[in-house]
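Peer 1: What follows is the residue order along each chain.
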Amino acid sequence: MSRILLAFRAFFAILFGRPLPPEIVPTPARPAAPSTPSAPPPANPGSALQLLAILQRDSRLLDFLMEDIASYQDDQIGAAVRSLHDQARDSLARYLSLQPVIDGVEGAYTRSASGDPAAVKFIGNVPAGKPDGGVLRHKGWRAAKVDLPALNPKQDASIIAPAEIEIE
Amino acid sequence: MEPRYVIGIDLGTTNSALSYVEYKPDADPFALPKVELLGIPQLVNPSEVRDEGLLPSFLYVPGATDFAAGSTALPWDAQPDVVVGRLAQKRGAENASRLVSSAKSWLSHGGVDRTAPILPFRAPEGVPRFSPVEASRRYLDHLRRAWDSRMPDAPFTDQQVLVTVPASFDAVARELTLKAAEQAGYHNLTLLEEPQAAFYAWIERHPDWRERVRVGDLILVVDIGGGTTDFTLIAVTQKGGELTLDRVAVGEHILLGGDNIDLALARLVADQLAQKGTKIDALQLQALWNNCRTAKEKLLEPGNKKDEEPVTILGKGTGVVGGTIKAKLQRGDLERLLLDGFLPAVSSHDMPARQRRSGLQELGLPYAADAAMTRHMARFLRQQASEAEQGGVRRGPSGLACPTHVLFNGGVLNAGLIRERLLGVLNSWLAEEGLPAVKPLSGEDLMRAVSRGAAYYGLARRGRGVRIRGGVPRTYYVGIETAMPSVPGLPAPLKALTVVPFGMEEGTDLRIPNREFGLVVGEPAEFRFFTSAVRKNDDAGHLIEDFGDDLQELAPMEVNLPAQQDAADVVPVSFETVVTETGMLQLWCVARDGRRWKLEFNVRERVEG
Numbered sequence: 001m002s003r004i005l006l007a008f009r010a011f012f013a014i015l016f017g018r019p020l021p022p023e024i025v026p027t028p029a030r031p032a033a034p035s036t037p038s039a040p041p042p043a044n045p046g047s048a049l050q051l052l053a054i055l056q057r058d059s060r061l062l063d064f065l066m067e068d069i070a071s072y073q074d075d076q077i078g079a080a081v082r083s084l085h086d087q088a089r090d091s092l093a094r095y096l097s098l099q100p101v102i103d104g105v106e107g108a109y110t111r112s113a114s115g116d117p118a119a120v121k122f123i124g125n126v127p128a129g130k131p132d133g134g135v136l137r138h139k140g141w142r143a144a145k146v147d148l149p150a151l152n153p154k155q156d157a158s159i160i161a162p163a164e165i166e167i168e
Numbered sequence: 169m170e171p172r173y174v175i176g177i178d179l180g181t182t183n184s185a186l187s188y189v190e191y192k193p194d195a196d197p198f199a200l201p202k203v204e205l206l207g208i209p210q211l212v213n214p215s216e217v218r219d220e221g222l223l224p225s226f227l228y229v230p231g232a233t234d235f236a237a238g239s240t241a242l243p244w245d246a247q248p249d250v251v252v253g254r255l256a257q258k259r260g261a262e263n264a265s266r267l268v269s270s271a272k273s274w275l276s277h278g279g280v281d282r283t284a285p286i287l288p289f290r291a292p293e294g295v296p297r298f299s300p301v302e303a304s305r306r307y308l309d310h311l312r313r314a315w316d317s318r319m320p321d322a323p324f325t326d327q328q329v330l331v332t333v334p335a336s337f338d339a340v341a342r343e344l345t346l347k348a349a350e351q352a353g354y355h356n357l358t359l360l361e362e363p364q365a366a367f368y369a370w371i372e373r374h375p376d377w378r379e380r381v382r383v384g385d386l387i388l389v390v391d392i393g394g395g396t397t398d399f400t401l402i403a404v405t406q407k408g409g410e411l412t413l414d415r416v417a418v419g420e421h422i423l424l425g426g427d428n429i430d431l432a433l434a435r436l437v438a439d440q441l442a443q444k445g446t447k448i449d450a451l452q453l454q455a456l457w458n459n460c461r462t463a464k465e466k467l468l469e470p471g472n473k474k475d476e477e478p479v480t481i482l483g484k485g486t487g488v489v490g491g492t493i494k495a496k497l498q499r500g501d502l503e504r505l506l507l508d509g510f511l512p513a514v515s516s517h518d519m520p521a522r523q524r525r526s527g528l529q530e531l532g533l534p535y536a537a538d539a540a541m542t543r544h545m546a547r548f549l550r551q552q553a554s555e556a557e558q559g560g561v562r563r564g565p566s567g568l569a570c571p572t573h574v575l576f577n578g579g580v581l582n583a584g585l586i587r588e589r590l591l592g593v594l595n596s597w598l599a600e601e602g603l604p605a606v607k608p609l610s611g612e613d614l615m616r617a618v619s620r621g622a623a624y625y626g627l628a629r630r631g632r633g634v635r636i637r638g639g640v641p642r643t644y645y646v647g648i649e650t651a652m653p654s655v656p657g658l659p660a661p662l663k664a665l666t667v668v669p670f671g672m673e674e675g676t677d678l679r680i681p682n683r684e685f686g687l688v689v690g691e692p693a694e695f696r697f698f699t700s701a702v703r704k705n706d707d708a709g710h711l712i713e714d715f716g717d718d719l720q721e722l723a724p725m726e727v728n729l730p731a732q733q734d735a736a737d738v739v740p741v742s743f744e745t746v747v748t749e750t751g752m753l754q755l756w757c758v759a760r761d762g763r764r765w766k767l768e769f770n771v772r773e774r775v776e777g
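Sequence lines, in order, name chains A and B.
In terms of my numbering, the first sequence has 58 at position 58, counting the first letter as 1, and numbering is strictly consecutive.
Just add 168 to wherever you are in the second sequence, counting from 1, and you've got my numbering.
By construction, these hints were calculated from the structure, which means they are not laboratory data.
Just so you know, not all the hints are guaranteed correct.
[What the hints assert, rightly or not] One side only, chain B facing chain A, incomplete, derived with CB under 7 angstroms: (1) Glu216; (2) Ala236; (3) Ala237; (4) Ser239; (5) Thr480; (6) Leu482; (7) Thr486; (8) Thr492; (9) Lys494; (10) Gln498.
[Stated by the list, open to error] Keeping only pairs whose Cα atoms sit at most 16 angstroms apart, straight-line, the calculated EDC-like set for lysine to aspartate or glutamate is: (11) Lys494/B with Asp75/A; (12) Lys496/B with Asp75/A; (13) Lys484/B with Asp63/A; (14) Lys484/B with Asp147/A; (15) Lys607/B with Glu379/B; (16) Lys496/B with Asp475/B; (17) Lys154/A with Glu216/B; (18) Lys494/B with Asp449/B.
[What the hints assert, rightly or not] Non-contacting residues of chain A with respect to chain B, defined by C-beta distances greater than 10 angstroms in every case (computed): (19) Arg111; (20) Ala113; (21) Ser114.
Cβ atoms here follow ideal geometry from the backbone N, Cα and C, with glycine treated the same way.
This is chain A alone, in the form it adopts within the complex (with noise of 0.2 angstroms):
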C-alpha cells in the first residue's frame, strides 16, 4: 500500500514543482551544488488550491492524504484507495493532458539532447561533460495542456472543500 502513497506524494511533488520524495529517486550522496541566491517570483496559489479542490470534490484525495492511517488494515485502505484512484485518475485526465517528457521506454537506451535539467535529470555517473544519453529510469511527465475552469472571483480561493452540514 505505501507504494500508492508514494504514488500520490510523487505526484504532488512534481505537479507543483517540489522535490520528489527520496524512496522515488535513488540517488547516490550528490555534493551540495553552489546555491545561487536568487530567489524565484511567489507563484499564485489560486491555481494550486483549485486544482487540489477539484481532486478532493471529486476524490477525497486531500481526506485521504490528511487522514492517519497507520492503525488500519492494509484490505481497508485498500477499498477507499480503489474508488480514490479512479475517480482522481478521471478528474486529472479531464483537466490535465498529462505526457511523458521523455515517450520512451523505461530501462533501455534513450539519447537526448535536452540541457535544459528541469526537463531531463541525469543520475549515476555522470561524466563531466554534457552526456548524450542513458538508460530511461523514469519518463518524466508533462502537462502538455492544462484546462482549469476559470476561477470565480468572489469566491474564497483557500476553501479547498466546504463543511458539510446534514438537516436531518
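Let chain A serve as the given structure and place chain B on it in line with the hints.
Peer 2: Below, chain B alone, put in the same frame as chain A:
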C-alpha cells in the same frame, strides 16, 4: 429559408441527446448521410461549463445556500433561475428535495395536473415548483441554446427539428411535449416515436438493410431505458414492388427500467451489510446505488469472469479510509436478480401482476407493479392476438404475435446477459409455436441511437431514405352517457364512440358519420376521452357498449363556444378527426353550417383512474 440541418432530439427520461445531419439536396442518394452528435455545453460543476455528449434530464431549483453567486452562469444566461444537466444531477443527489427528475414520466401520468407546478414533488414549502411541461421546456430550451452557441451560423429556429417521444405516449402526452417545445421556441417541429427512431438508426448503419429483411418479416423493437420499457412491432410489407415498413403495434407505457435494476442491487447489498451489522443511511444508499450500477456494468462486460466486484462507500467525514464501508456485489446475486427477478423464464401465457389498488395510495408516478420485463413482453405479444383480423402481424397457432427479428435499444441492453436472456425466452415461445428462432439485428451505440435515428428520419421525410408508415398507434373514443332513468348509487352506463381508428395516417381527416351532439354554447362542454392500444378494429363511429379493461381514460376534452346573441342555446355538431402531417391528433366539433371548434385537452382536471 431552407433548413440546412435536420436535428434529432432524444428527450429522455434520464438523459437527452441531440444529433444532426446536414441536408444536401444534390447529394448522392445512396451515400450514407453523416449523422453527428452535438456536444452539449452545460454546468458540470459550479463555475464550470463543459461539453458533454448527453444532457442529463435533471433540473435543480437552487436555494440561497446552494451555489456561490454567479457560479451557475451559462454562456447564454448570466443568472439562470434553475440548473439543468450534469450539475443538477450531482447536486440533486445531495439534496433530492430540490431536484426535478423523470419529468417525462410525469408528462405521461394522467393522474396529476401536468400543467400545474407540482415538481419537485417532495419539495418543502417555499421552494418554487415547476410543471412537468415547464421542466420539459427547460431541457428543450437548453438544447436550443446549446445548438445556437455551438452553431452560430445556422440558427436553431431555421432548422428542421425532430423530437422523439415513447411510442406509448398517448395523445395528451404528445400534445404536452409539443406544447413544451413550442414554448421553448421550436418551429418546424415533428414528433417521432423512439422505437421507430431506433430502427431508423439501424437502417442508417446498414444501407443494405433491404437484403437483411424480407416481406412478411416482423421486427420487435425492445427499448429498455433508465426508467421505461417500451415494445413496438414493425412489419415488413411491399408496396409497388418496394419494401415498406409498417409500425403495426405499440405497447403500454411501462415505468420499469435500468434504474429499478440498480436500486434492487443496492437494496440487496445494503441488506447484506445490515446482516453484518452495518446500517447505511439514505445518502449512502444513493452512493451505493451509483456504485452498484458501475459494479453491475463491470461484471456484465464481455469477457469478465470475476465472481464479485467490490462496492465501496467512502467514509462521510474527513476520515475517508476509517469510515469506508466495504461490500461486494456477487456475480451469483446479480445473475439471480436479473434472471429471476427482472427476466424470469416465463411462458408466453404468463401475464404481469396487476397494479395494486389500495384505498389510500401515495400520489406519485405509477411505477409498474410487476418487475418482470419478460411478462410485460408476453402481454404485449399476446395483446396483438386478441384482434386476429389486424393484418401484417405474423402469428403462431396460439395467436401469439411472432417476430422474426429483434432490435434492442436502450442502455440496459448493452449487457449481453440481458440480451441473451430476452432472446432465450422469446425463442422458447417461438419454439412452442413451431417457429424458428428470431434473428437479433445488431444495434450500436444503444444510448444515442434514438437521436441519430431521428436525424436520419428527418432526411427520410425530405425524400432521402426509407420511411416507416405508422399512423395513429392507438384507437381513441369519446364517452357517451346512455340516456336512461338514473338509478341512485349507480352512474349512468357509459358507451364509447370511436373517433380515431387505429392506424389513421398522418395528413388525413375524417368525419364521424350519423352522430350529432347538442352542444351548449356560452359555457365549456366537456367530453370524457378514452384510448386503447389493444382494440385495433373499431371503425370511426363504432359504438362500444361494454368495454371492460380494454379502454383507459385520458384527460377530458373540452370545447368552449362563445354565445352569440342571435344563436340558439344548443348547437348540433358532429365530430371531425384530423391527424396532421406532424402526427398530432386534433378533434373538431363541426356545426351544420360549417363552423368549427377545436377540442382541447383539459389537463387541469384530475382524472380518476
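Peer 1: Run through the hints listed earlier and report the numbers of any the structure violates, in increasing order.
Peer 2: 10, 14
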